[in-house]
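Trainee: For reference, the chains in residue letters:
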Amino acid sequence: MMSFFARFAFTGPSNWKIQRITSILMAVYLFFIVGYLMTNPALTYDQWSELNSLLPMRVFTLLVVAAVAFHAWIGMRCVFTDYITVRLIGPKANGLRNTLQLGLAFMLLCYLLWTIKILWGL
Amino acid sequence: MLNVSIYRYNPEVDAEPYMQDFEFDTQGKDLMVLDVLEKLKIQDPSLVFRRSCREGVCGSDGVNISGKNGLACITPLSECVKGDKLVVRPLPGLPVIRDLVIDMSQFYAQYEKIQPYMINNSPPPAIERLQSPEERKKLDGLYECILCACCSTACPSFWWNPEKFIGPSGLLQAYRFLADSRDTATEERLANLDDPFSVFRCHGIMNCVQVCPKGLNPTKAIGHIRNMLIRGTA
Ligand code: SF4
Ligand code: SF4
Ligand code: FES
Numbered sequence: 003m004m005s006f007f008a009r010f011a012f013t014g015p016s017n018w019k020i021q022r023i024t025s026i027l028m029a030v031y032l033f034f035i036v037g038y039l040m041t042n043p044a045l046t047y048d049q050w051s052e053l054n055s056l057l058p059m060r061v062f063t064l065l066v067v068a069a070v071a072f073h074a075w076i077g078m079r080c081v082f083t084d085y086i087t088v089r090l091i092g093p094k095a096n097g098l099r100n101t102l103q104l105g106l107a108f109m110l111l112c113y114l115l116w117t118i119k120i121l122w123g124l
Numbered sequence: 108m109l110n111v112s113i114y115r116y117n118p119e120v121d122a123e124p125y126m127q128d129f130e131f132d133t134q135g136k137d138l139m140v141l142d143v144l145e146k147l148k149i150q151d152p153s154l155v156f157r158r159s160c161r162e163g164v165c166g167s168d169g170v171n172i173s174g175k176n177g178l179a180c181i182t183p184l185s186e187c188v189k190g191d192k193l194v195v196r197p198l199p200g201l202p203v204i205r206d207l208v209i210d211m212s213q214f215y216a217q218y219e220k221i222q223p224y225m226i227n228n229s230p231p232p233a234i235e236r237l238q239s240p241e242e243r244k245k246l247d248g249l250y251e252c253i254l255c256a257c258c259s260t261a262c263p264s265f266w267w268n269p270e271k272f273i274g275p276s277g278l279l280q281a282y283r284f285l286a287d288s289r290d291t292a293t294e295e296r297l298a299n300l301d302d303p304f305s306v307f308r309c310h311g312i313m314n315c316v317q318v319c320p321k322g323l324n325p326t327k328a329i330g331h332i333r334n335m336l337i338r339g340t341a
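Those protein sequence lines, which keep their order, are chains L and B. If you count the first sequence from 1, you need to add 2 to reach our numbering. If you count the second sequence from 1, you need to add 107 to reach our numbering.
Hints are computed from structural coordinates only; laboratory data are not their basis. Everything numeric in this text was worked out from a predicted model, so none of it was measured. Take these hints with a grain of salt, some might be off.
[To be verified] Covered stretches of chain B, going by a simulated chain L footprint (3 or more residues, C-beta under 8 Å):
hint, region
1, 136-146
2, 189-203
3, 295-304
[Stated by the list, open to error] Pairs of lysine to any residue, SDA-like flavour, derived with a Cα cap of 20 Å:
hint, chain 1, residue 1, chain 2, residue 2
4, B, 271, L, 99
5, B, 271, L, 78
6, L, 19, B, 338
7, B, 271, L, 86
8, B, 271, L, 54
9, B, 148, L, 89
10, B, 271, L, 90
11, L, 19, B, 330
12, B, 271, L, 18
13, L, 119, B, 337
14, L, 119, B, 231
15, B, 136, L, 18
16, B, 271, L, 91
17, B, 271, L, 100
18, L, 19, B, 334
19, L, 119, B, 133
20, B, 271, L, 37
21, B, 271, L, 87
22, B, 327, L, 14
23, B, 220, L, 86
24, B, 245, L, 80
25, L, 19, B, 327
26, L, 19, B, 335
27, L, 19, B, 331
28, B, 327, L, 22
29, B, 136, L, 93
30, B, 148, L, 73
31, L, 94, B, 337
32, B, 327, L, 95
33, B, 271, L, 22
34, B, 271, L, 92
35, L, 19, B, 266
36, B, 271, L, 16
37, L, 94, B, 311
38, B, 271, L, 93
39, L, 19, B, 220
40, B, 271, L, 76
Glycine included, C-beta positions come from ideal geometry on N, C-alpha and C.
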């Protein structure tokens, strides 16, 4: 189980695959939303909230926000391990990088919970 | 008159690196950058650079010429002089030993990691291990690398992680042995590359392809390795 998780989260090939799959999801969603807005130029609040109350639409949106979270996690970790390293900025790098990663994880988790609250919420 | 600006640094004397300007008379000839360096060294014998074959074979004189990495011996002035200015710096990203000479230890350490030699423990046949012409063809575009380091020192991923990312040159060589029908260590070689840094730090920017003086394509070789790794892990 742990090794499955470790492979999933920390190996090159799986990170690479996750990046491709999540970007496809995000692109499809973007096309769908833009297409929907263009075919409904006089969109009313009722129409919009009806669309977003459909279960498949909610699941789709949640899936895409999760994709954004994974995509950002892998991408930002790449950026952090490129620029916030002991080589480039000295011994304080490791602490700073871990803090930033923790902050990022917290932020992405909030986005996810917030999305659930908006979609199913009050 | 050509205005030549050269990166100078002698750690035993200079507090920090500086650019030294020379005036140089080309007498209307389209010289190679190395010719200019040689003539300037007569003027100022303290100028230090590496060179050997002076014909693009040995890979010793990789330098940054007006912003682009290349071999000084096969880069004509007509290709690199902007206005009447030529700027020569050491290859970027690795420590400078003196003037245009860099410490290539990290570059070679990555080369060593990929085991740049044939691995085949089956008993050798009487004469030689044969390859079909098709199998041999797979090595074209890979074996010609002269390890000049122009590509790896042009690669941002190598600048930031020279200890962890193999770099375009090392990966081109890694694929040269992965693609060789006589080599039997494919699995082992792939296992050694299977982490988030060694191969996957390549983001396909293709700086390496743009500068390779031998016209090789490390990005393509890296793509092949990546596909092998992705196929190998379900
Ligand atoms: S394609 Fe890859 S190896 Fe080549 S310069 Fe870009 S990141 Fe580096
Ligand atoms: S791939 Fe090209 S640029 Fe890179 S080390 Fe080999 S010959 Fe030099
Ligand atoms: S001196 Fe040998 S490659 Fe330039």
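Trainee: Broken hints, numbered, in rising order?
Mentor: 1, 2, 8, 9, 13, 14, 15, 19, 20, 23, 24, 29, 30, 31, 32, 33, 35, 37, 39
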